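There are 2 protein chains.
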Amino acid sequence: MFFKLKYSIISSMKAKTIKELGEFGLIDFIKKHNTKPKSYHNVYLDIGDDCFSFNPHTKSKYIVTTDILIENVHFKRQWATAKQIGQKAIEVNVSDIASMGNTKPLYAFISLGMPKNTPTKFIKELFNSIKSTCNKYGVHLSGGDTVGAKDITISVTLMGICYDKPISRTGAKNGDLIFVTGTFGDSCAGLEILSKDKKSLKNYEKELIKKHLVPQARLKEANLISQNIKITSMTDSSDGLFKSIELLTENKGAVINMENIPLSKNLIKYTNNNFDKIYSYALFGGEEFELVFTINKKDENKLKKFLPGATCIGTINNGKVTYLQNGKTKNVKYNGYKHF
Amino acid sequence: MFFKLKYSIISSMKAKTIKELGEFGLIDFIKKHNTKPKSYHNVYLDIGDDCFSFNPHTKSKYIVTTDILIENVHFKRQWATAKQIGQKAIEVNVSDIASMGNTKPLYAFISLGMPKNTPTKFIKELFNSIKSTCNKYGVHLSGGDTVGAKDITISVTLMGICYDKPISRTGAKNGDLIFVTGTFGDSCAGLEILSKDKKSLKNYEKELIKKHLVPQARLKEANLISQNIKITSMTDSSDGLFKSIELLTENKGAVINMENIPLSKNLIKYTNNNFDKIYSYALFGGEEFELVFTINKKDENKLKKFLPGATCIGTINNGKVTYLQNGKTKNVKYNGYKHF
Numbered sequence: 633m634f635f636k637l638k639y640s641i642i643s644s645m646k647a648k649t650i651k652e653l654g655e656f657g658l659i660d661f662i663k664k665h666n667t668k669p670k671s672y673h674n675v676y677l678d679i680g681d682d683c684f685s686f687n688p689h690t691k692s693k694y695i696v697t698t699d700i701l702i703e704n705v706h707f708k709r710q711w712a713t714a715k716q717i718g719q720k721a722i723e724v725n726v727s728d729i730a731s732m733g734n735t736k737p738l739y740a741f742i743s744l745g746m747p748k749n750t751p752t753k754f755i756k757e758l759f760n761s762i763k764s765t766c767n768k769y770g771v772h773l774s775g776g777d778t779v780g781a782k783d784i785t786i787s788v789t790l791m792g793i794c795y796d797k798p799i800s801r802t803g804a805k806n807g808d809l810i811f812v813t814g815t816f817g818d819s820c821a822g823l824e825i826l827s828k829d830k831k832s833l834k835n836y837e838k839e840l841i842k843k844h845l846v847p848q849a850r851l852k853e854a855n856l857i858s859q860n861i862k863i864t865s866m867t868d869s870s871d872g873l874f875k876s877i878e879l880l881t882e883n884k885g886a887v888i889n890m891e892n893i894p895l896s897k898n899l900i901k902y903t904n905n906n907f908d909k910i911y912s913y914a915l916f917g918g919e920e921f922e923l924v925f926t927i928n929k930k931d932e933n934k935l936k937k938f939l940p941g942a943t944c945i946g947t948i949n950n951g952k953v954t955y956l957q958n959g960k961t962k963n964v965k966y967n968g969y970k971h972f
Numbered sequence: 633m634f635f636k637l638k639y640s641i642i643s644s645m646k647a648k649t650i651k652e653l654g655e656f657g658l659i660d661f662i663k664k665h666n667t668k669p670k671s672y673h674n675v676y677l678d679i680g681d682d683c684f685s686f687n688p689h690t691k692s693k694y695i696v697t698t699d700i701l702i703e704n705v706h707f708k709r710q711w712a713t714a715k716q717i718g719q720k721a722i723e724v725n726v727s728d729i730a731s732m733g734n735t736k737p738l739y740a741f742i743s744l745g746m747p748k749n750t751p752t753k754f755i756k757e758l759f760n761s762i763k764s765t766c767n768k769y770g771v772h773l774s775g776g777d778t779v780g781a782k783d784i785t786i787s788v789t790l791m792g793i794c795y796d797k798p799i800s801r802t803g804a805k806n807g808d809l810i811f812v813t814g815t816f817g818d819s820c821a822g823l824e825i826l827s828k829d830k831k832s833l834k835n836y837e838k839e840l841i842k843k844h845l846v847p848q849a850r851l852k853e854a855n856l857i858s859q860n861i862k863i864t865s866m867t868d869s870s871d872g873l874f875k876s877i878e879l880l881t882e883n884k885g886a887v888i889n890m891e892n893i894p895l896s897k898n899l900i901k902y903t904n905n906n907f908d909k910i911y912s913y914a915l916f917g918g919e920e921f922e923l924v925f926t927i928n929k930k931d932e933n934k935l936k937k938f939l940p941g942a943t944c945i946g947t948i949n950n951g952k953v954t955y956l957q958n959g960k961t962k963n964v965k966y967n968g969y970k971h972f
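Sequence lines, in order, name chains B and U. When the letters of the first sequence are read in order and numbered with my numbering, they come out as residues 633 to 972. When the letters of the second sequence are read in order and numbered with my numbering, they come out as residues 633 to 972.
Since the hints were made in silico from the structure, they are not lab data. Please note that the accuracy of each hint is not assured.
Since the list gives no way to pick out one identical chain from another, each pair is judged satisfied if it fits inside one copy or across any two copies.
Said to hold, decoys possible - With a Cα cut of at most 27 angstroms, we get these calculated DSSO-like pairs of lysine-lysine:
{"hint": "1", "residue 1": "Lys797", "residue 2": "Lys691"}
{"hint": "2", "residue 1": "Lys708", "residue 2": "Lys965"}
{"hint": "3", "residue 1": "Lys797", "residue 2": "Lys664"}
{"hint": "4", "residue 1": "Lys664", "residue 2": "Lys884"}
{"hint": "5", "residue 1": "Lys965", "residue 2": "Lys748"}
{"hint": "6", "residue 1": "Lys930", "residue 2": "Lys884"}
Remember, predicted model here, so these are calculated numbers, not experimental data.
Start from the sequences, fold in the hints, and give me the full structure.
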């Protein structure tokens, strides 16, 4: 770990690049602006040593997730501000934590690779954004590593606690209803619009782009429903709705009513309301970070009371996964993002 | 997290590149060869979901460290085999855990970025090496992420437990003796030899290179001494001995007897026994991963009994850090590696 280094060098943030600022200047900046951990964090040895150390909450299960974001693969500096990149790096990990049920994210470990000529302004904004997004969720920046790299590389490991049993992806039973939060396809459409490098943007295009650049983890919603209803299985839609459905129906089946999949007005406008086009975004577009979960049918009314915005898109069965368009079977094949 | 994906696709390791193998083929490979966690791991939800989950050991403190290794910054594929790279990625993190005292590393989270044309053979060897090094220490590969990238990028977060109070860097007292394990400067000399791309290598050069490519964490030694002696402060020498001494003497001083710093015969040969040259490697060369620690003078004999190979290089005082060459003050200024 690198933030561990205890240097008291006062850095000048007037340095224009990360090379001028230097490693210790950067570490000093990171440490100086780190909020104190709250009492529930149980921190024994904070950022600034070879390891971060904490006393575990004995009644909770710990949950850990990790994601890596690389420039020109996951984001481009000409499309996203440092603030947006930092925010997204934390939100996507909080989303993984949220999908485990009744949780509290606690500690973040951030490794950062940066080219030597990275403007100090960019790094400052990135870290301020990482920290303010951490603060929003009560997460303590607990450690990390800073290194030179050709492309900006952000690796986040996020640790939290789950007050109840973590909700796995595999618990759905025959007859369970499949629910989702939010709308689908916007993030993917937003990315497509960005990639066109258009000079002027319509309002609905700006909103689709925003959904791509600044996703919001559904932590509050996940906590609310899992504190009050038995969620039989849950995941987030980070790799698209189609994938999420595959994950929740492993070794089982489902009927999905495509017309029930919630869509934004912006996406409908963007696709000129073309059914096939809409669903290529809504099913296969990734980076959406909505909750996809199942409940027993008897809990439907309870769910609607606690989370009126949730939408039922189908039912688990013992067969295979079938997509229906107004009652008729529709042939749907995976057509999503390939990492390699 | 990505290893979380539960795909049963049987991958053909005959695919020549990571692009041919595909993301799911890779995940399948990683999951298939992952050892089952041992009972002491307390795993509640293993690799294969949105998060990894464990029941904490209630009597232990948890310790976490993270490091990121990037191709052409931390390693070059023409200099190091996949096996060596994987091994080093784990050893450097175990070294951070070890420096906390009486510890047991438990869970590793590995994020991997790879170019599309990366040979499958390389990735297979890298993961096999990561896993066998994890196995050596009883570490369970618990999660990760795999993404496309321009350069091979390996981010490791390692979590463990500390049975006693973690040993920080700041506990040394006036009069404490400074001890080290191993020898210093070899890794740095090894890197220098590699960078010359020589056609034939002498035996001592090969050995210096080995110290650079395949460092060994001092976990056994750290456990042995901290179980039996009060270690007042400890760190590993990952950024060089000079830095380690700075870290242990923050707000205090020390007298360092340079001629006591342990050196290998290989380094002496490589530097033609030139004093200044030797100490530029031994003090400022990083990536050494030896233990640098302090004890009360009264524990000296006890230490020598448990760890006869440890060497006393100086004494903590209330002044400033002074380097002596055969009793005479030597002006030593930091001249180490700059990350940016």
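- What label fits lysine 797 with lysine 691 when the C-alpha limit is 27 angstroms: within, between, both, or neither? Answer is both; intra-copy 11 angstroms and inter-copy 21 angstroms each pass.
query = How do lysine 664 and lysine 884 come out at 27 angstroms by Cα distance, when the copy is not named: within, between, both, or neither?
reply = For lysine 664 and lysine 884, the Cα distance is within 27 angstroms only across copies (22 angstroms; inside one copy 51 angstroms).
Quiz prompt | Homo-oligomer pair classification [lysine 965, lysine 708; C-alpha up to 27 angstroms] | solution = This pair counts as neither: shortest intra-copy Cα distance 29 angstroms, inter-copy 40 angstroms.
Checking an output row: lysine 930 and lysine 884, CA cutoff 27 angstroms. Within, between, both or neither? For lysine 930 and lysine 884, only the intra-copy Cα distance (20 angstroms) is at most 27 angstroms; the inter-copy one is 67 angstroms.
Item to complete: With 27 angstroms as the alpha-carbon cut-off, assign the pair lysine 965 and lysine 748 to within, between, both or neither.
Response: between (44 angstroms within a copy, 24 angstroms between copies)
Copy assignment of lysine 797 with lysine 664, given that the CA separation must stay at most 27 angstroms: Between copies only: 26 angstroms across, 37 angstroms inside.
Of the numbered hints listed earlier, the single one contradicted by the structure is hint 2.
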